[in-house]
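> On the provided structure of chain A, position chains B, C and D as indicated by the hints.
Protein chains: 4
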Amino acid sequence: MTHTPIRLGMVGGGKGAMIGNVHRIAARLDNRFALIAGALSTTPERNAESAAEIGIAPERTYDDFAVMAREEAARPDGIEAVSICTPNHVHFPAAKAFLEAGIHVICDKPMTSTLEDARALAQIAEEARALFVLTHNYSAYPQLRLAREMIARGDLGPIRLVQVEYAQDWLARPSDSKQAAWRGDPKKAGAGGSIGDIGTHAFQLARFVSGMVPERLAADLTSFVPGRAVDDNAQIMMRYASGAKGALWCSQVAPGTENGLKLRIYGETAGIEWAHETPETLWFTKLGEPARKLRRGAETMAGSRVPPGHPEGYLEGFANIYAEAACAIRARQAGQPHETLLPGIRDGVEGLEFIDACIRSAEADSAWVEVGHG
Amino acid sequence: MTHTPIRLGMVGGGKGAMIGNVHRIAARLDNRFALIAGALSTTPERNAESAAEIGIAPERTYDDFAVMAREEAARPDGIEAVSICTPNHVHFPAAKAFLEAGIHVICDKPMTSTLEDARALAQIAEEARALFVLTHNYSAYPQLRLAREMIARGDLGPIRLVQVEYAQDWLARPSDSKQAAWRGDPKKAGAGGSIGDIGTHAFQLARFVSGMVPERLAADLTSFVPGRAVDDNAQIMMRYASGAKGALWCSQVAPGTENGLKLRIYGETAGIEWAHETPETLWFTKLGEPARKLRRGAETMAGSRVPPGHPEGYLEGFANIYAEAACAIRARQAGQPHETLLPGIRDGVEGLEFIDACIRSAEADSAWVEVGHG
Amino acid sequence: MTHTPIRLGMVGGGKGAMIGNVHRIAARLDNRFALIAGALSTTPERNAESAAEIGIAPERTYDDFAVMAREEAARPDGIEAVSICTPNHVHFPAAKAFLEAGIHVICDKPMTSTLEDARALAQIAEEARALFVLTHNYSAYPQLRLAREMIARGDLGPIRLVQVEYAQDWLARPSDSKQAAWRGDPKKAGAGGSIGDIGTHAFQLARFVSGMVPERLAADLTSFVPGRAVDDNAQIMMRYASGAKGALWCSQVAPGTENGLKLRIYGETAGIEWAHETPETLWFTKLGEPARKLRRGAETMAGSRVPPGHPEGYLEGFANIYAEAACAIRARQAGQPHETLLPGIRDGVEGLEFIDACIRSAEADSAWVEVGHG
Amino acid sequence: MTHTPIRLGMVGGGKGAMIGNVHRIAARLDNRFALIAGALSTTPERNAESAAEIGIAPERTYDDFAVMAREEAARPDGIEAVSICTPNHVHFPAAKAFLEAGIHVICDKPMTSTLEDARALAQIAEEARALFVLTHNYSAYPQLRLAREMIARGDLGPIRLVQVEYAQDWLARPSDSKQAAWRGDPKKAGAGGSIGDIGTHAFQLARFVSGMVPERLAADLTSFVPGRAVDDNAQIMMRYASGAKGALWCSQVAPGTENGLKLRIYGETAGIEWAHETPETLWFTKLGEPARKLRRGAETMAGSRVPPGHPEGYLEGFANIYAEAACAIRARQAGQPHETLLPGIRDGVEGLEFIDACIRSAEADSAWVEVGHG
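Chains as they are written, first to last, in my numbering: chain A, 1 to 374; chain B, 375 to 748; chain C, 749 to 1122; chain D, 1123 to 1496.
With the rest of the complex left out, here is chain A:
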């Protein structure tokens, strides 16, 4: 089986960006993509410099993503897919432009900056012949795929509790870094602060693994740092249609936490626990039995490249999204059916519905609100 790399473009991810380089490494790691075009920055000079540094040819470097979508679609050697890693408010117009040009889209989260845009994009994606992939990368960790499968087949019994949290400390003080600036600007980030930036990851992961979307939630949002326009901490209670309950805590002001995503799910007969600090360990605890430390090798796991005990982490998990996107794109191009667990439009809409519900609940003094009917 010979792999010809997929021709890839990128929107956003110029100098000073963090996530752009992550997308590039993830695309490159399994040799399934070749990055050949880009609109990396809205500042022409920075765009040119960034492209040169990455090795994108000047004639494939665009100052405007709309031009890029049009011109690349017209080239016989044009890009087949595009990675979108801009601030949130650009996700929608960029994804729209490429999807409508028939170019597959791999987009960072949250999918859009408003729920309205998310729903519009869902409509566009449905009509497009191109794929849309959302980089909820945590759901591509092998151990969390395993957890999902275990829950789906009933290893935990009916689910009672979903406890998820995502704690960071990098916004504990006022910051004017590039990363902090747009995330704190509702016009760019959307109405959510921590709930959009990391809460959506936690929410998606809980849904992905448990298989359940909460019916209602009650949220208490806080902006601890003076002058911050969006929340930097959220306490959220959740209720599921089945009677299960949940809690989600996300914070960007918890000193000593790094990128502390943690998921615990309890059913009638067993529980699972996973923490990002040790991403290759999944704890499985059956009532009355010793806790089992599930690792690669002990349970067979797809999505890893090296033997157990050779730590894989964030970039490898992110690369799994890209590797699977490559498979899905090639299958689509070949007209073949292809099943996938890749996060996509549905996850994106649910993420915005989550943000929307949090905002509505917070405005109603943490009253229970329905998720998805805002």
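Hints listed in this document are in silico derivations from the structure and should not be mistaken for laboratory results. Wrong hints could be hidden among the right ones.
[To be verified] Once the Cα atoms are required to be at most 35 Å apart in a straight line, the calculated DSBU-like pairs of lysine-lysine come out as: (1) C/K1041 to B/K389; (2) B/K552 to B/K660; (3) B/K667 to B/K552; (4) A/K262 to B/K561; (5) D/K1218 to B/K667; (6) B/K667 to C/K1034; (7) D/K1384 to A/K262; (8) B/K636 to C/K935; (9) D/K1415 to B/K667; (10) B/K660 to D/K1384; (11) B/K667 to C/K844; (12) A/K286 to A/K262.
Leaving out everything else, chains B, C and D in the frame of chain A:
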């Protein structure tokens, strides 16, 4: 300095009880108490058997705690203090009887089964010449004392977040053990299930260490196990007068958890983390500095008996309460002033106020309610 | 079943001692002993003060353990057992005196300060009608008892490897504390420094759990701290008759370690791992299966007093020795047969044989020497 | 700064190989290399298939590495560097061929299969104008670089103890996998089994971080699995010229271990501890102070690509070797001086000296032998 052991009696704690033996070991560990009288069970035969097994003389074995209070108070060699470790609803009448007899009381938590009783007991205790100690034992762990001191002196900066949880799994299935039976009976346990049994511990500990009582809370209480008359899981959000926020999760239906009390507090400049599974470790994380693992010896700690690395745990922490109670009792008897961090009436009232607020919030579909004004 | 506490005396353990108080707490914890006589110090004044503080009556306070043995043996209410917790060189004469007086002995380790004494004591004990118990307390941790049982029944397959270590840091610098002083004096401690003080614990534990005594060992002993007369670090390789291999590292100069006893044993089909920092966890790893975290409750364990998740530690483990000694003493007094896993004379002789072999190997530039044929 | 990828070839690493793919990912991860030529297998058909799968053109696919070295050196667009990831015995002739052709070599460990070859290669490398890099990848973990720097600047005081271990379980049973087969064949692997395959990693890492090569060692080598021609377990004691002592344990038959490399170094005033299972954590313990958990961000660390809390692992560490090799190659090509911590010839010779010393000691019943004078 020669210690004459304090003459101690016990109410409750007969055969089949769990916590009675804990109180006895804790009282004995530092050789400050001698257990010489008891009303260990309401069943005369079980009472006699239990007393004999423990080594209490038949003439000091009482079938009725009221008789015991009266007769012991009248003896020249009568008990100086009593441990109360009955089901919750007996705490009030027993504590009342001994306090009014001038006998010092060391009582298990929650202090009473109703808020009304708690407030009445507070009144009684205020007028009594005897001391009242409540065995919120976790607050006597040296590392949590250290955490409290660090927060009080500002090592964390102004507090923003209090995350506390207490998860167990022993009630994940229906149970008719003696322990489970009275805890599930509102007439004996009070209105709270998990919130009374373990939630009050979590609440007290968070208050003790942070130095703050929440102003309001919003609670979602659940009874997962069919037929259970009280909650076995609670998600609770908390708001403090300072603007700080908190979350408390307690559960007795989380498979794989044992006695999972965990406390994390975050201030503007630093955080602390403590988990019961490793009670001798306190994590201290200053923003931008490596996490520090505070252990005995590295920071001087009172309340330990052996060098660092010789694990102390639950019984030693519980014994700290007894050792300090002995000091307080001897000081009171000598008419000496005595400062102490021992939990007491105030903690007890607050515990019942917590339960009361949870119930009121739950009845109002998790609306925010004031704590302490029910 | 009514327990009358066993009348206990103590030799050593006066003011400033560490291990004396550990023995007293351990004896007291399960209410099986009453401490009523003592020769706590060789300095009469300190002896009197120490006894008063502990609550031993002046007429049962002796300046000479030989007198104590004789007089207590003659009293109708004399002690039934004695705890010996002096520096090592006193163990032999004291144990001899009490055994010959028919008083049961509970003695700290190493059993004696010379191999010659150890073998002499073995002879004395064999002829005595009293019991001899050696407080290798780690072997009384429930999880290590479980490990022993698992290995004995073949859960690991034939044993290939025994890796044991015991690291401390309290002697990393020159010290003139009372504890350090006698341990560094070969006349009091014996020829071994770290190998005697902690190496014997590691050696005994490895033997207890694995069921195997090494046939030969090769040792490299070091005194890192200038002026120290005994080893403070030892690297030891071990060979077993079965073909199994082992390594033992003990050190008192490893900064950051506390009381770091750790045992790993690997068989053909599975391994176990235990570390003193988390004494209630035993890891069990079968080849090709997830690691299992064996805790109380998941596997039933004797020797614990509280439910799983309520940490028990050093003092409880030490108390298990005392509780079992009480059972053994009462059985002996009643003339009943009694099986026990209590460490005793055999462990003591083996410990001195271990020290002796280490010294001989070190003198022969780490040559392999036989264990037990010095 | 525009990076033109370095043209890379590969010897070995065809289908069924493990480490070949690791080299390819590592080379690709930071976009500093383009793999365009290869002699991936000695079986022509497998070679062609492997090359096609990877995307190497047929005209750059060679059945003989000597031909490849000659022809690529002659092409204007020939490879600038080559990765050698064959079984050990091919390292020497392949490295010789490419170095003599002026092509930079990145070679897997151990450097050769005999000490004689290693010394010969050292001579060749000295005379070559091309670089030689040995992929002792663990030394490129940022935390271990930090540890090295801390020790070099005296943060631990004079070093007393070096404890290193490397435990696996994949050879606990007889295996005829491709990986196991050549590793068990002394003609291909060299005289060392576990000592060559993983012991050299442990030895190099201890030397790299401590800055010290042991002067002498005493080794006990074992082949536990029947029929195995080389050691699968080794207990090794080490002595340094400074008076420091060490121990190295490597095993491939320890059930439940995965790829358990662990390093602990103790100086007079502090210690460090690192374990491969959590590669981004370095423990630093100063005598009398709380242990510090050094992570990225808390201490600035080069060689990482994502913020703290986004786990990096084995592939990223391996990629650090490649990224630094790219810098070194470009500097060499530009005639610029370039300092580097890259492992190379010296590490390779030391590795073979280590294997040689272990074999000599084992043949002399674990006598102390000099390292490097065999």
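> Please go over all the hints and tell whether each is borne out by the structure.
Against the structure, the hints:
Pair hint C/K1041 plus B/K389 holds up; C-alpha atoms about 31 Å apart against a cutoff of 35 Å. Distance check on the hinted pair: B/K552 and B/K660 sit about 46 Å apart at the alpha-carbon level, beyond 35 Å; violated. Pair hint B/K667 plus B/K552 does not hold up; C-alpha atoms about 40 Å apart against a cutoff of 35 Å. Pair hint A/K262 plus B/K561 does not hold up; C-alpha atoms about 38 Å apart against a cutoff of 35 Å.
Distance restraint check for D/K1218 and B/K667: the Cα-Cα separation of roughly 50 Å exceeds the 35 Å cut-off, and the hinted pair is therefore not satisfied. As the CA atoms of B/K667 and C/K1034 are separated by approximately 32 Å, the hinted pair is consistent with the 35 Å bound. Between D/K1384 and A/K262 the CA atoms are separated by roughly 26 Å; this keeps the pair inside 35 Å, and the hint holds. Pair hint B/K636 plus C/K935 does not hold up; C-alpha atoms about 49 Å apart against a cutoff of 35 Å.
For the hint linking D/K1415 to B/K667, the alpha-carbon distance of about 8 Å falls within 35 Å, and the restraint holds. For a cut-off of 35 Å, the pair hint linking B/K660 to D/K1384 stands: about 28 Å separates their Cα positions. Proximity of B/K667 to C/K844 is assessed by CA-CA distance (about 46 Å); at most 35 Å being required, the pair is judged violated. A C-alpha spacing of about 19 Å is found between A/K286 and A/K262, which places the hinted pair at or below 35 Å, so the restraint holds.
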